[in-house]
Amino acid sequence: MIELVFVIVIITVLLILFLYYEYQYAELTKVKSAIDNKEYLVRNRENKQAGADLLATVVKNIDTLINYTKNKGTFSTLYKKYNSNNISESLSNSKYTSYSLNKGEKIVLCIRHKDEKESLVDLNTLMFVVLHELAHLESKTVGHNKEFWDNMTELLKIGIKLGIYKYVDYKNSPIKYCGINVTATPLKLS
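Going by the UniProt record's numbering, 157 is the number at position 157 of the sequence shown; the sequence numbering is gapless.
Simulated from the structure, these hints should not be mistaken for laboratory data. It cannot be assumed that every hint is accurate.
Unchecked claim - 30 Å max Cα-Cα, derived DSSO-like pairs, lysine-lysine: (1) Lys-103 / Lys-140; (2) Lys-176 / Lys-161; (3) Lys-80 / Lys-30.
Turn these sequences into a full structure, and let the hints guide you.
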């Protein structure tokens, strides 16, 4: 009798875990981008193709930055850790807007505004966020310390130089990004 109860409990737990997994990941689907013909994990929404194309454009921009820094001999940790196949959209119920898991194992980005239409975030804002995440990959330390801010500042400068990011003074022109206010940048231009 105890064995039967144990089996029922195990089956119930496995079923709950399966349903939870399905709930979390059924929201995302793989969509092939028209930009680079690669598949991206995006939310299963009407504009999922545009979402995949936005991620493909981000990946193209990151690849430009990675190649530039690699040729210059800078940011060696970044190009060792970065993998363009590990970029995806976040779940709608994610408590974080965007993040990198284990310093590059996965980069998850919020690409939709938290409005009824779930409209896509503009590319420049998304590139600011991506450069933020890439600064985490390059940093040996964890968190938002001097090493991180120095790395992000340099990546923003390179992004501007390469034309993949246009400077925005968020202190004087704050924006909403995925439910949070962006009100600062580490880069100060005269």
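Verification of the supplied hints:
For the suggested pair Lys-103 and Lys-140, the alpha carbons sit about 9 Å apart, so the restraint of at most 30 Å is met. Between Lys-176 and Lys-161 the CA atoms are separated by roughly 25 Å; this keeps the pair inside 30 Å, and the hint holds. Distance restraint check for Lys-80 and Lys-30: the Cα-Cα separation of roughly 25 Å lies within the 30 Å cut-off, and the hinted pair is therefore satisfied.
Hint violations for this structure: none, all hints satisfied.
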